[in-house]
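*Asks:* Sequence:
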Amino acid sequence: MLWLKAFHIIFVVCWFAGLFYLPRILVYYAASEEQAVRAQLAIMARKLYRFVTPFMYIALALGVTLLLMNPGYYFSTVWMYLKLAGVGFLVVYHVQCGRYVRRINEGTNEHGHVFYRFFNEVPVLFLFAIVLLAVLKPF
Numbered sequence: 001m002l003w004l005k006a007f008h009i010i011f012v013v014c015w016f017a018g019l020f021y022l023p024r025i026l027v028y029y030a031a032s033e034e035q036a037v038r039a040q041l042a043i044m045a046r047k048l049y050r051f052v053t054p055f056m057y058i059a060l061a062l063g064v065t066l067l068l069m070n071p072g073y074y075f076s077t078v079w080m081y082l083k084l085a086g087v088g089f090l091v092v093y094h095v096q097c098g099r100y101v102r103r104i105n106e107g108t109n110e111h112g113h114v115f116y117r118f119f120n121e122v123p124v125l126f127l128f129a130i131v132l133l134a135v136l137k138p139f
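Sequential numbering from 1 applies to the sequence shown in this note's numbering.
Rather than coming from a laboratory, the hints here were simulated on the basis of the structure. Don't take every hint at face value.
Quick list of the computed label-pair ranges, beta carbon to beta carbon [claimed, not checked]:
1. MET1 - THR108: 38 to 48 angstroms
2. GLU110 - ILE10: 11 to 21 angstroms
3. VAL37 - LEU67: 42 to 52 angstroms
4. GLU110 - ALA61: 46 to 56 angstroms
This structure is a prediction, so every number in the text was calculated from the model and none was measured. Using N, Cα and C, we set each Cβ at its ideal position, and we do this for glycine too.
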């Protein structure tokens, strides 16, 4: 079980690295006025999204495996339901990142750098909440 938990944490960290950096690329894309720079950033965003998406799936699969190893405990705790809600939101956030990446690659971006700066901060809040829930196990 400890090996599964260790690999779950490793893949969550890898996924979060992408969730932190990908929106930052979107900020730079929206702030740039040079077409060549924007084209390069669009390619970088597309490649990064494709690179980190498998980390999300692996982290989720390992998390579900850990849940199923002791469902009586985990499904009887409020903190786990809150954590799962946060993870669900992050999956939606990840998919939305993919939509924004597709839009910048198609040249149909409609958001400015200020929007992406705020969008960039969302996973930090969820990281704090999820880690605090998992470690402190309140309720």
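*Asks:* Against which earlier hints does the structure fall short, listed by number upward?
*Replies:* 2, 4
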